[in-house]
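So the protein lines, in turn, are chains D and R. If you read the first sequence in this note's numbering, its first letter stands for residue 1, the second for the next number, and so on. If you read the second sequence in this note's numbering, its first letter stands for residue 1001, the second for the next number, and so on.
Please keep in mind that the hints were generated in silico from the structure rather than gathered at the bench. Given the structure is predicted, the values throughout are model-derived calculations rather than measurements. Here a beta-carbon is modelled for each residue, glycine too, at the ideal position from N, C-alpha and C. There's no promise every hint is true.
Unchecked claim - Derived DEER-like restraints, expressed as beta-carbon distance ranges:
hint: 1; chain 1: R; residue 1: N1207; chain 2: D; residue 2: G208; range: 36 to 46 Å
hint: 2; chain 1: D; residue 1: K72; chain 2: R; residue 2: Q1269; range: 35 to 45 Å
hint: 3; chain 1: D; residue 1: I379; chain 2: R; residue 2: E1378; range: 54 to 64 Å
2 protein chains.
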Amino acid sequence: MENSRDKSLRDLIVVNNLGGLLFWRTEEHVLSTGYLPLWGVSVCRYPASGKPILYIPELEPRDRLPEGVEIKTFPWGIIDCADPWEVLFNTIKEDIFKRGIDHLPLGYVPHFGQTAPPLMSGEGAPLPLDFLKRIQAIPVKGLRDVTGPMLELYMVKQPHEIEAIALSNKIAGIGIKAFYHHLEPGISEAEVASVVEAAVQNQMGKNGVEYAKAWPLIMSGPNTAYGGTFNRTTGKKLVSGELVMIEMAICVNGYWADITRTGTTGNVQPELLAIYEIVKEAQQMAIAAVKPEITGGELDQIARNYIDKKGYGDYYNHALGHHVGFRYHDPGPGLSPQSDLRLKEGMVLTIEPGIYGEELGGGCRIEDNVLVTASGHEILSDFSRALNPLSRDSF
Amino acid sequence: MENSRDKSLRDLIVVNNLGGLLFWRTEEHVLSTGYLPLWGVSVCRYPASGKPILYIPELEPRDRLPEGVEIKTFPWGIIDCADPWEVLFNTIKEDIFKRGIDHLPLGYVPHFGQTAPPLMSGEGAPLPLDFLKRIQAIPVKGLRDVTGPMLELYMVKQPHEIEAIALSNKIAGIGIKAFYHHLEPGISEAEVASVVEAAVQNQMGKNGVEYAKAWPLIMSGPNTAYGGTFNRTTGKKLVSGELVMIEMAICVNGYWADITRTGTTGNVQPELLAIYEIVKEAQQMAIAAVKPEITGGELDQIARNYIDKKGYGDYYNHALGHHVGFRYHDPGPGLSPQSDLRLKEGMVLTIEPGIYGEELGGGCRIEDNVLVTASGHEILSDFSRALNPLSRDSF
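All chains should be built: construct the whole structure from the sequences, respecting the hints.
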């Protein structure tokens, strides 16, 4: 497999005078070798030259490992091994020594907080408390934080990654269709979330989808008033005349989309319909302006000014969007009032204005994932944004 | 609300000569005040006396905050606030100064790796990279790691927690029933996972269930051969004559259960049926022995010796069980060959022997959550363990 990230990773190593890179977070695995860890304890050593080495637990499945890498195992989870980490760290240390790079620091991205989950996503990766201290002790010169240069790599997606993110968006569309299909009075928010989750997960094993999982959050009626402050599913039943929002994280084969739609159970009061049209227009104006060289702040202002002008500025309480693809929210400067992010071809950004308020009786947001192209943009989530698309036959 | 954890937390503070405790992980919130964070950025300061203080983001929902705590907010996620963390850390610092405890260290549990997810579980808590460094800098004397004494608190569940874990197990039973109901040739593993997930999530809003989420993993036929090394759902379709395993993490209102059942699509070959009976017998023998004062190693040996004696010792490649309740896998010494854990009333442990192997053509595991009582034990997940319980009318 041709790995189009290879050259930029090697360049990063050389420019920073490093002995290589050490990665263990899910997103760095996906970016560097395309590998999606199951247990979450695998470490990648990306050298200045030669094959990248994946140190994986013996328990890890072998049928989806990337090509072009060297695989070494360590006895994590093996019942009679008291300290598998000692084995792992010693192996890495020996390998570095043998390669003659033990006098150089290695680059890494420190792990904390907001990180994509491994496949077993019911809890964080089972790394030990002293993992960071012990892995930092491996090279004599320690580890050097390369978050800055890695951010540059994160923000500009490569063709194979764009294809993968587009697939994630396509599968998201199947979930969104299930969402619209179930907007009937009497069904609970939790039940709507369940059918969306099922629609996405059921794509596994079809059309190149090996792994698919969605985290849909459904808010209806008065609950939509808080859609700008938090997203949360409850057991509330849908009733006639409500707006219904879906906020959804979705991961397909390790690549993420982040989608919001607002639908209705019918007969919504006029002000909420008006708000919907304003949000939709603001979003369309911002998307239309997406192209290389425009800044994040300028894009944010396009949507914000329009909503302001319509009198709802106080009800739009968040930024316009963020990078997406390696996780639910990719790092880096996004689309917000003061952002000086300058858009480049290959960036994938969410565009997600909204209006919400208790005194408005609810709220709505529309969120799409937009690729910056050489000449402008392409909407990766270009399925319906109508309030009730099924009756309009627009799917 | 009477908080039965209150006295032991105050004692921990006094005995260790601390100025209080600082918590931010989901599990410490749930244990100390019963609060289940949504965004994952809330901090709890538990003082030696007086009400615990919850520092929550302004965006956090207010309708499920615990009673008996003081609430302070900080502007995380507010669009025009450049550094909400500075506000948070300064507020905590001032509060500590005002309380006259700024000369004492505060206790904390370092955050790394295996942590329960916040409600927005598509990614880890959105804490900044320098969170730990900055929060450690708050008390002049720094933070002191109290993982050791906290572990003691984790391992012995209080009556209100046992009730909550029992509810989580009860809801798990609804998911397991859906699992058995769908074991038909032609349905994919992913589809089975979806219906289980839906059955659990649909309980939200009913009978005291405010939040319910399951992470079911389904393995069928040859895929069950790896059930002892990893659990993973694929798009494989079930065919007649297979064993089918479900491994499921489930969180209800912040409290966790961890359940495994093995079912069948019918007409399974004799050796696999024999394996199933051996695992079931081994599990029943281990469960029957659960009582205060027995050690984790002794319990492990009961199941292991039986499986050894039957000739399958080489195919049982993991420990017998672990603590459960505050997350999918609670910390602390569990049930494994060398474990000197001495069981106490109030502990909740999984009991989960298994036999698996490629050359056996598959594998199976049965996992229950067992409470240690004064006189013995109570099985919290006491729903059917039969291979095909629906035809036997045993639900």
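Verification of the supplied hints:
Between N1207(R) and G208(D) the beta carbons are some 41 Å apart, a value that agrees with the proposed interval 36 to 46 Å. Taking the beta carbon of each, K72(D) and Q1269(R) are about 37 Å apart, inside 35 to 45 Å as hinted. Under the hint 54 to 64 Å, the C-beta atoms of I379(D) and E1378(R), about 55 Å apart, fit the expected range.
Checked against the numbered hints given earlier, this structure breaks none of them.
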